[in-house]
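K.L.:
Residue strings, one per chain:
Protein chains: 2
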Amino acid sequence: MKITITAFERSPDGGMGLARDTRVRWALEEAGQPYAVRPVSFAAMKQPAHLALHPFGQIPTYEEGGLALFETGAIVFHIASRYPGLLPDDADARARAITWIFAALNTVEPPILELATAKFAEGDKPWSKERLPLIADRIRHRLGQLSAHLGDVEWLDGTFSAGDLMMASVLLRVRPSGILDEFPRLAAYVARAEARPAYQRAFADQLAFNTRSPTGG
Amino acid sequence: MKITITAFERSPDGGMGLARDTRVRWALEEAGQPYAVRPVSFAAMKQPAHLALHPFGQIPTYEEGGLALFETGAIVFHIASRYPGLLPDDADARARAITWIFAALNTVEPPILELATAKFAEGDKPWSKERLPLIADRIRHRLGQLSAHLGDVEWLDGTFSAGDLMMASVLLRVRPSGILDEFPRLAAYVARAEARPAYQRAFADQLAFNTRSPTGG
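Going down the list, the sequences are from chains A and B.
Just remember that our numbering sits 126 ahead of the position in the first sequence, which is counted from 1.
Just remember that our numbering sits 126 ahead of the position in the second sequence, which is counted from 1.
So here's chain A without its partners, still in its complex pose (with noise of 0.2 Å):
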């Protein structure tokens, strides 16, 4: 059945791949399904017609015949429940893999979040310099936990799952604030994960995505 899911019509990161439907299109590539690509403006994005697919007005939302379906992590997981390549077939190793999928976004990501909107819902604020050490602390104490679990292996647990694709899509987006070079260990691993195949598919469309000309193309 046809797959489409949505993105921001330009994402504010110009195509850096931290937009939230780089995941979606990398697992995707990884389960080696076709896919289109809807853009959503910003405008649209609070419409009756957007939230009748997305009730919190955000992107990506997927479709899949009479499936809709919204939340990076919920359609991250579909994903791999549905194709082969993203979650081990032994029950116990699957249960861990969507382990490391939750931890991604509930433990790792919020201090990174926090940092996003420290600088930019509270950039303007009398406290923003001073508050944003006390949040790179907080990643640090995460990252630092992380590593250590992580040690010398190449994925959290065994061969690379949907897990480990969460985990990397959130350590990519605190790259760009210099944390992430901190633990060499997580650096390299976000390295690996950004080597595969797939990725560089998924990285590569969401930047032609985002960089195309406004007359179409």
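Derived from the structure by calculation, the hints contain no laboratory data.
If a hint is listed, it holds; no wrong ones were tucked in.
Calculated pairs, BS3-like style, for lysine-lysine (alpha carbon to alpha carbon, straight line, at most 30 Å):
hint : chain 1 : residue 1 : chain 2 : residue 2
1    : B       : Lys255    : A       : Lys245
2    : B       : Lys245    : A       : Lys245
3    : A       : Lys255    : B       : Lys251
4    : A       : Lys251    : B       : Lys255
5    : A       : Lys172    : A       : Lys245
6    : A       : Lys255    : B       : Lys255
7    : A       : Lys251    : B       : Lys251
8    : B       : Lys251    : A       : Lys245
9    : B       : Lys251    : B       : Lys172
10   : A       : Lys255    : A       : Lys245
With chain A's structure known, arrange chain B on it following the hints.
P.N.:
Chain B alone, transformed into the frame defined by chain A:
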């Protein structure tokens, strides 16, 4: 197989049910599965034995035979996948219910946790008083969208699911602030969830656990 979860030796909330083991207890009650609870002190949470179970040194964890999981969302999802009662059988309805688990944890809970961080980790900072209303407004924005989506139906997508369990659990965290009651539909939704016998049992058990006498019992 015997299920063992971990919980705070004494929950900082004194048994209000806001610690995350309550979410797991509730899921196990909905699924009709007996379980044991192992208390973990704050000191023990940072020790190698617990870090081997939970790389980020938190509770709850979940052990069942040879399987060890951490991260509340992953544990609730595992229980919902393994036992009947928390996810619909229809594949599309199931994917939508899972979407609400992720939406509760990744879209609705983050500003609620930010409020907690602002109060407890930054409560002594000079900006605390001015920041709290900003965060409260971020929570209101999300709850307004959720309330609009819920409308006058009983549960988020058809019958009660693990998605409702997680969403109600997240909303319970914000009730002490008074913000939940600004959204009568959501307050009624939470009250419906709390009225479920499985929630009542889970709440009573965590209360008894957190108020037990220090000499055992």
